[in-house]
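J.: Sequence:
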Amino acid sequence: MLTEKDIEQIEDHGLNINQIYGQLETFVRGIPFTQIVTTATVGNGIHQHSEKEHHRLEAFFEERKDRLDIVKFVPASGAATRMFSFLHEFLQNYNPEEQLFRDYVKRNDSLQLNTFFNSTRDFAFINEVRKQIRDAYPDYKQSAKGQRNYYFATAMLDEGGLNFANKPKGLIPFHKYNKYATTAFEEQLYEAAYYASVNDDVYLHFTFSEKHLPYFKEEFTKIKNRVSRKTKKTFHISYSFQKKETDTLAVTSENYPHRDEFKNLIFRPAGHGALLSNL
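Sequential numbering from 83 applies to the sequence shown in the working numbering.
One or more of the hints may lead you astray.
As the list claims (entries may be wrong) - Listed next, the in silico SDA-like pairs over lysine to any residue satisfying Cα-Cα at most 20 Å (straight line):
1. LYS312 / GLU273
2. LYS325 / ILE89
3. LYS293 / LYS223
4. LYS326 / ALA352
5. LYS249 / PHE298
6. LYS312 / TYR272
7. LYS326 / ILE99
8. LYS251 / ALA206
9. LYS251 / SER322
10. LYS312 / THR328
11. LYS251 / SER291
12. LYS306 / THR328
13. LYS293 / THR328
14. LYS326 / SER291
15. LYS304 / GLU210
16. LYS299 / LEU244
17. LYS293 / LEU347
18. LYS154 / ALA278
19. LYS213 / LYS223
Treat the hints as calculated values from the structure; they're not laboratory data.
Please construct the entire structure, taking both the sequences and the accompanying hints into account.
T.: Here it is, written out as structure tokens:
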């Protein structure tokens, strides 16, 4: 199943052959579901402080926090790949010159597409997409519905457009305000300023994929003056990367190693538990 080239790639990734066989065995065997006994309630798994105790603990923290080193740790390695998978499929399979959009939706039972394109005005990133469309597709307004939708998805995902397909979820505009939109990354700064500041300094540590570092640095440069002005705080951002040796081998539906066009193995990042060493 695994070649000498595969083993070399595995070792270059910081893994060993026994770990890979262990992962494959887990895929084949499956992971048993957790057996739920009952719901957690106050007094049975949940401890509830009295109002008096709540105020005492809050005061205890507030009185001492200026003597502490407080850092907000934020796992931010999630990519937007799965979030837009239905749009990737649409761009790959739909030809606006050969098929009406409604026929494509009906044939592929793609109600998710209908919901998406009927809701675009509500998206926090709508103005950015509109600007990209104006710049790239001057015939947009004169085009049929299928072509317009194709332009819209391309403007969103394509590397020559907004490049959402290759960005982490934390950097995609998510909250829409009257005059601007914010990303989840920016909202983390506001939240940290609220409860984790020490002497008007706020420290945050983000973990993500190494390839996303330029995107985060660019976003912080763009928003730091606005956030500092609104919160009257100074922000100190540090970063670290999820370790490659915590990745999992990608497999096919038959649990064979999945390969790219060059016959190389494909690895997928593990979940947030892999970030314990970063923490």
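J.: Going back to the hint list, which numbers does this structure go against?
T.: 3, 10 and 12
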